[in-house]
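If you read the protein sequences in the order shown, they are chains A and B.
Each residue of the first sequence is one higher than the one before, starting from 1 at the first, in the working numbering.
Each residue of the second sequence is one higher than the one before, starting from 1001 at the first, in the working numbering.
Hints may contain errors.
For each label pair, taking beta carbons as the anchor points, the in silico distance ranges come out as [to be verified]: (1) B:N1227 - A:N72: 54 to 62 Å; (2) A:A568 - B:T1021: 33 to 41 Å; (3) B:N1601 - A:R543: 44 to 52 Å; (4) B:S1340 - A:K570: 38 to 46 Å; (5) B:K1223 - A:A568: 54 to 62 Å; (6) B:V1020 - A:S56: 50 to 58 Å; (7) A:M648 - B:K1570: 54 to 62 Å; (8) B:P1153 - A:T21: 23 to 31 Å; (9) A:M648 - B:N1601: 40 to 48 Å; (10) A:N72 - B:V1017: 53 to 61 Å; (11) B:S1056 - A:G240: 25 to 33 Å.
No wet-lab data here; the hints were simulated from the structure.
This structure is a prediction, so every number in the text was calculated from the model and none was measured.
Note that the Cβ used here is the ideal one computed from N, Cα and C, for glycine as well.
Each chain, letter by letter, is given below.
2 protein chains.
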Amino acid sequence: MEPFVHVGKRIPKADAVNKVTGRAQYIQDLSLPGMLYGKILFSKYAHARIVYIDTSRAEKLLGVRAVVTAQNTPEIRFGFYKDNLALKGGKVRSYRDEVAAVAAVDPDVAAEAVRLIRVEYEPLPGVFDPFEAMEEGAPLVHEEHKGNVLKLPWRFVAGDPDSAREQSAHVVEDRYEVTWVTHCCMGTSGCVAVLDVRNNLILYSTTQIPHLAVRDFNNALVKMGINNPKTRIIKTTIGGAFGSKLDTHPFEYIAVLLAHRTHKPVKIVFDRTEEFFATPGRQPAVIDIAQGCDTEGRLTFRDVRMVLDNGAYTSWGATTPSVMMMPVSSLYKVANVRYSAKCVYTNNIYCQAMRGYGNPQATFAIESQIDHLAEVAGMDAYEFRVLNANEPGETTPQEFKITTCGLCDCLDAVARNLNWSTKRGKGDMRRGVGMASLIHVGGGARVYKSDGCGTIIKMDDYGKIDLFTGATDIGQGSETVIAQVVAEELGLFIEDINVIDYDTDVCPWDVGVHASRTTFVACNSALGAARKIKAQILEMASRILATDPSDLVISRRVVSSKSHPDQAIKIDKLLRDAHYSLSGRMLMAEYFYDPQNENLNKEFKGNLSMTYSYGAHGIEVEVDTATGKVRILDYVAAHDVGRAINPMLLEGQVQGGALMGVGYALTERLILDKGEVMNPNFRDYKILTAADAVRVKPIIVETQDSDGPFGAKGIGEPGCVPSAPALANAIYDAVGVRIRDLPITPEKVLRALKGRTQKDTPGPEPT
Amino acid sequence: MEPFVHVGKRIPKADAVNKVTGRAQYIQDLSLPGMLYGKILFSKYAHARIVYIDTSRAEKLLGVRAVVTAQNTPEIRFGFYKDNLALKGGKVRSYRDEVAAVAAVDPDVAAEAVRLIRVEYEPLPGVFDPFEAMEEGAPLVHEEHKGNVLKLPWRFVAGDPDSAREQSAHVVEDRYEVTWVTHCCMGTSGCVAVLDVRNNLILYSTTQIPHLAVRDFNNALVKMGINNPKTRIIKTTIGGAFGSKLDTHPFEYIAVLLAHRTHKPVKIVFDRTEEFFATPGRQPAVIDIAQGCDTEGRLTFRDVRMVLDNGAYTSWGATTPSVMMMPVSSLYKVANVRYSAKCVYTNNIYCQAMRGYGNPQATFAIESQIDHLAEVAGMDAYEFRVLNANEPGETTPQEFKITTCGLCDCLDAVARNLNWSTKRGKGDMRRGVGMASLIHVGGGARVYKSDGCGTIIKMDDYGKIDLFTGATDIGQGSETVIAQVVAEELGLFIEDINVIDYDTDVCPWDVGVHASRTTFVACNSALGAARKIKAQILEMASRILATDPSDLVISRRVVSSKSHPDQAIKIDKLLRDAHYSLSGRMLMAEYFYDPQNENLNKEFKGNLSMTYSYGAHGIEVEVDTATGKVRILDYVAAHDVGRAINPMLLEGQVQGGALMGVGYALTERLILDKGEVMNPNFRDYKILTAADAVRVKPIIVETQDSDGPFGAKGIGEPGCVPSAPALANAIYDAVGVRIRDLPITPEKVLRALKGRTQKDTPGPEPT
């Protein structure tokens, strides 16, 4: 391996000290002169006609500056299906529907004003189950649509799954279910909207998609009658995102409407209750899956049908079936695949992107069932996986081109670290081990028309760099890894690289933080610009040192000759010499990196990503058969990451992801009662706390991807993908019950243990 | 002339609406979380030894967070001669010496704490006149120097002035005097200093030299023990500058010291009194000048000696003799020139840059005396000037290469507009006319090692541009003219161009706003980047429209074919097509423009600027012989500006400059009594008010400079240069008295009228 100075080093996050010393400025900390506070009135019903809204008492309250409703504001539509509205008129379709909003001089006045708004509703029958919603005569969530099933295109076929099924030696078929969970960001959602004198929008925001948000808000401004507007997004420090900020949200449009109405900055920040019920979370799904293998255990087909509860509106982040298709089509070598998904409107809360974007849901079903199939086929689950594992050079049914692939290495590492061969299948002491694999995009994902990221670099007289990147740091550490690769490429120190990533006026375009793409795409972009700078430095130094640029190397802020190491010049001196001469120059460079990956075609085929990440998690559990409680004894998480730019941050991603996966598997559930969130708080919504945290052992498998920056692939999401099936498989290994609906609560385990008549249990009971 | 869309148009300033609606954020408006307020204790004496400083009572005051003196802080030296200190230890050398400073939770506590600091001084004899300071045995301002005369290099000789004098037909010799005036910015000085967790400095500032300030503050941070620091300057809206922000100042370093001590943001803002006595102004000078001509009136020689009162410290902006040399050597064709200047330490306040940077002082002497010489030679002053006027193609004694030159046109325009031929020399009705010319740098000025300015442009999917420039808008309108030339070059609308100029982390290097260089240098830089963008647009469009790039033109956001005008594509569509394709691209470009002008050599020769601006002002006055009061009846200001990018802003510069020149000529004077400023307020310091304002008729002479952006030259300073001599000349024409020391108060005129025994009066009396 090359002797890297910064790449591969455990360098603390650039913003770590700011965060632990309280210097980081979150949206909550932001205050602007003359700023007003906005507050939203949400619906009292899951489904109702709005008869009238009386805002007169609110308007009369001292300190209230504006009250907006659908009646007195332009209609702003947004979302993937353009079925969502900033303020709902006519009828409400869920408890989280925004009916009115106020702006007032302080938060208390705003809250009081909201209480003074009187809305008369005419309740309508609601529909809260996607299967019921599909029935003839079910209440329509959107009357303008003929039915509740969304006309969405996700449907994929490769090979001939029906024939393959007939010819399989072993076939299993099961139903799996996953329910609502939410991101639980420690920083609740919020924004401050300002309209400048030209009615251009400045939105202080925590968005993950600053440049796509510019497009969304520009469209909204046009709807508000502002001609040829310009939106500027300024990012504050983000207190967690995990996909929750991958959409634009009603509260943001409402802040813009209030700012436009009042000519003042307007701040809206959610309290924790609002964060729970009005921040869309992960989509529930009912997954019917069948898989088969031949006599040797080779997978022959995979057939998956899903029904997803879409809730009342369709966010961009609700397009998870497009990503669920990835593991369905491409986890393990399986030639015959069928996938279809129905998204169904209900009067429940709607959902959006969440870490993994459908992958954890799909992988729970696939990988739980792989154990089932291996058992039916009489094979060890680890060996079954190795036999079917993806390999470099493979093209998957969805036409993903697998370049590097460390899946077998990950499986081996997990088996070795868990002592799989001695522990698996023993079932003694109510202990068991389980594993699950994953595939994820690791080299961008062309889900939008561009998957690009721009970088601009300028260098000062002292050898310091200001780097403007399209990438957004949502806590994952992109500022740090970008600084590492640029410092590495240019022979500088980490502290020489100042990464600027918070202002769309300054930062070049990027499609957003999703698909675990930032390290891959933003670092490649940064390297492109850095190489332009490097070429200039070497060319200037070659003239001074009278040697060829190829003979030069930069290290520790010094350019020196490889052949005559005593021939050297400090970078800062070189820069000043170049600057302080007749017709001087200063080094600047720009680079736009758009990977050569493909949008999926109409058959949903195409090389979506430049490379793919793999991983396997292995877990040892102990199940208390008296209570059904599951205790995790050991957790091994092996990931093929291409190369670890920063092992410390990478392990943080894996550990954080795995714990999120454990919460998804065992404890987390947003409980809805006829559309109403019943547990919008941390007392009743069971996120893992520090006391519950499990020690996760990350194992880094490096495959050196030739397209990745210094060989790296993305690793932001994979950590949370295989936890649930690995746990379900371990529980089955321990006590012989298979739980197919999440979360795997003690009650479910206990019920299964009590009702067990055979080694495998039937599908989940209806909720 | 080409049919320009934006260039040459009267477009309002970009920030105009923000300013008149109170939205502009001045340094006074800035508040940061946890911010403290700093206050400075100034000296009680003009010259004294500091025996001790007792800060204990101040430190005990509730709310005080730090008290700093020279004793408890590192020594920070700065200024041209490194003779200035952030906090003065050992002794004070002027009343404005900073002895101590406090940081407290609010301004009142800070003020109270300053009052509680006890300083015991041992007064020393002071020296307040440069001639006395040069005498043997005069008190030394800086003991470490042998004498009070600064060892500064300004001395220039061309040809043989002594022989030329002997051979002249006519010779005049006079003494002129100018005194202290100050900038009178409506926004007082201030800054907020913040040190981040790495002890890098963020300084919210109103500086005119952000990048040079970075260098200064980096040096200070190193002195404070901070290794390899980085300074970031963030500019707030500037409420006037006029050169006053061309230095770094003690109060800024003190804010940094207090921020470092307290780990909090520290704000220091001057009140109006402090602004008057602690903001260095224009340097006083005693100017001995002799000029001669031949029998035909051609200038034969010019010999100028100056003594400047340097005050106690030497700022960068106190290097005015270097610029005074320009009109001395190069206004009119004169082959034999000698110039020397002595800068002398005194215990007066020190001075710095102010609009024109020495040129108004020198031109007052030269152009007053030109009238005197013309009279002696028996020639009309206008015809004398035309005869000697500079011409295109000329190389001046200082080796300035005159490319375009509209001086004769300006003189003609003034004579015509004033009805010179009918009014001059009549002396009836106590009315008279006078004129004066000017030369100034108009194409940058290589006074630092670089005269460069960088630009970065990025373009979004909607055809809008973000442009980062090194230029700083101090109210002169650079944001607007940059937008104009870029919109012109790229066929866009003005509102498509967003100019970002307030952050050294974002904006490329620029040497600063001085020498009337910004329009010339920054617009050339912006055009360089815009042309790179344009080339990309045309290349992309040529492929789509299947024609050669040279056949394409961009206008009103549309690229179209010249030969087939129906073949066209909108820029936003073109950009999106390029972006949303496989391996998409987004347009970005960077450009660093450093003019090919020269640093002056050791003999002070070299082509300092790419081009030179010329102008002539003509004034008609009426003198009240009973009171000595001068009334301006007519004011014509003709300027060779190359091309007027924005006539409205340009006229604003000329009008504002001329009014500043009138104040300098007639009313303004900072009165010092043994080093103490006696009139630090707008009641006693007589700036022109709206009621006093004279209607100035600007006449724009366009010479289309081939090096200028669209032909433009700089015009920021020239407007204030010739007012004083034009007025003095008009007064002489009206009532036959010549006042040779500024300001020309009614008292001086009356005294001269009463004492008049001959047509010309003797030199000024000692003050």
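Right, here's what the structure says about each hint:
no. : hint                         : result
1   : B:N1227 - A:N72: 54 to 62 Å  : holds (59 Å)
2   : A:A568 - B:T1021: 33 to 41 Å : violated (56 Å)
3   : B:N1601 - A:R543: 44 to 52 Å : violated (25 Å)
4   : B:S1340 - A:K570: 38 to 46 Å : holds (40 Å)
5   : B:K1223 - A:A568: 54 to 62 Å : violated (28 Å)
6   : B:V1020 - A:S56: 50 to 58 Å  : violated (35 Å)
7   : A:M648 - B:K1570: 54 to 62 Å : violated (48 Å)
8   : B:P1153 - A:T21: 23 to 31 Å  : violated (50 Å)
9   : A:M648 - B:N1601: 40 to 48 Å : violated (56 Å)
10  : A:N72 - B:V1017: 53 to 61 Å  : violated (26 Å)
11  : B:S1056 - A:G240: 25 to 33 Å : violated (48 Å)
The structure fails to meet hints 2, 3, 5, 6, 7, 8, 9, 10, 11 from the earlier list, while all remaining hints are met.
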